[in-house]
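Chemist: Chain by chain, the residues run as shown.
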Amino acid sequence: MKFYFHIKVVFLFLILNTNSYAQNQIVADLSQENVKISTDFQGAKILLFGAYDGKKGDDIIVIVTGPKGLVTVQKKEKILGVWVNTKKVNYINAPKYLSISSNRKIEDILNKKTQRISEIGLNNLKIRVQPGIGVINEKQWRQALTRNMLKSNLWSINENSVSLNKDALFRSFLKLPSNVITGQFEVKILHYRNSKLVSQQINSINVSKSGISAQIYNIAQNYSTLYGIFAVFLAVLVGWGSSLIFRKV
Amino acid sequence: MYYYYLRNNYENLMYIYLPIAEQPIHSLAILGVGAFLGLIMGLVGVGGGFLLTPIMMFLGIPPPVAVASVANQLVAPSVSGVLSHWKRSNVDFKMGTVLLLGGIVGSSIGVLLFNFLGKIGQLDLVIKSSYVIFLTLIGSLMFAESLRLILRTRKGKISRGKLHQHNWLHGLPFKMRFRKSKLYISILLPILIGIIVGILAALMGIGGGFIIVPAMIYLLGMPTSLVVGTSLFQIIFVAANTTILQASQNQTVDIVLATILLLGSVIGVQIGSRYTNILKGEYLRLILSSIIILVSLKLLIDLITVPSDLFSIIISR
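Going line by line, the protein sequences match chains A and B.
Mapping of the first sequence onto the working numbering: position 220 corresponds to residue 220, and the numbering continues sequentially without gaps.
Mapping of the second sequence onto the working numbering: position 257 corresponds to residue 257, and the numbering continues sequentially without gaps.
What the hints contain is simulated information worked out from the structure, not anything from laboratory work.
Be a bit skeptical, because a hint or two may be false.
To be verified - Below, a list of computed lysine to any residue pairs in the SDA-like style, where the Cα atoms sit at most 25 angstroms apart:
id : chain 1 : residue 1 : chain 2 : residue 2
1  : A       : 76        : B       : 316
2  : B       : 119       : A       : 106
3  : A       : 76        : B       : 134
What the hints assert, rightly or not - Over the 10 angstroms line for every Cβ pair with chain A, so calculated as not near, a few chain B residues:
id : residue
4  : 22
5  : 44
6  : 79
7  : 80
8  : 154
9  : 174
10 : 176
11 : 180
12 : 240
13 : 251
14 : 267
15 : 307
Just so it is clear, CB atoms sit at the ideal spot from N, CA and C, and this is done for glycine as well.
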């Protein structure tokens, strides 16, 4: 396995050196394009590697974005001595996974304005609040979203995690936590030279449930009553069986 | 083609991914918890669900999944319990049937309530506060009772109260004769008890033995020998109804979690029931009630202390 990987990297390198490939192109591949959540899933670590036509001082930023959808932020207030969720704000297109990796500090690669324009950075993402509901002090809710997503490991900033080699090869490990959401993940690799985008490539990772775990989940969703009956049947069987077994011992 | 197949931790092979809770959990820890509670059940005769659900929540299982999966696992020890009581002819099936009619109505109401509370985002709060109320109540009553028994036996006095009293409850209509329990009472009362226990069972993931047993003794006036078997008989159906409804309405039954728990508890119950004479019942109850009080304190502290972050997120799947 490792052998093939090396061959492929050398091959990419050769392509670039012989100039048969278009100039200023970035080429990347992933060690794993399909992540299967099975019974023994504890998160995944995917190797992203590739080659780029670089010069000294060039930078690479890798942005992995998971499926986008509804994320609700709740706020607790004290009512009769007990902390109760009282207010909420719905973010309708929040990425349920986001990791931003780079070879050095992002603020050293791009200035604030460029970061904002190209939507790089947790606060520069355009995440919309559900329309129709007025939100007072939206900033604190947005901060709470970022803070909690970072805490759950679903969002992350990994500066210095992309390693560059001889201005031609790069690699980085992408970590998906065990609570990762299933769906299509976009891996965007950006190559910057003097804060200007030279080239980019987009790869994708598909995260899905598989094996017994997926089957159980699907049955529970699609044949929920049957699933419930089966769960009861199993429990009755174990209860009855145990009284049979232990009576004889 | 996959080049590298890397996993985060090679050493944690004992972790198992729960398909409905959508998180990995240490399988031996869950098996151990199941066995420990089974042991208590075997030793003392109570203490299944109402300790199991809070412990699951402490281990990080989302409360809705904990409640529904514990209801599922409760079916198993109830079945084996009824079978052994049946052999000793300690089950009043007629009374059990009347109770379970109420229980099925109650647990159906409970599941609907559960669904509604989930939609308005107050489910966790209701589950946790019901636990605080009931665990404190049961824990302190049990603590006081067992302490009184211990002190009394030390002094050498053993007294018994009246088992069966007639009161206004016996004047209600729709009377029915229960030969086994030697009772002639209105069926409204057992149905009402069944409904209340059913609602609590669905909301809290309990069998409700700790409510139904005293109710049968003190409100219905049933003979003590029949109480445990009959309550277990009705718990089977209430827990089964709760499981099926939770599965179909809320999709919160984690069959993997429930199976590991019930395997543990089935083993624990058998070991426990073999060593019932190691410690006197009242000492066991004293220990159990202390555990219950500690658990309810922990839940109460979680509810009243200032959260480290006032904001929390819900990621919809």
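Chemist: Going through the earlier hints one by one, which of them does the structure break, listed in rising order?
Modeler: Numbers 2, 4, 6, 7, 12, 13, 14, 15 - these are the hints that the structure violates, sorted from lowest upward.
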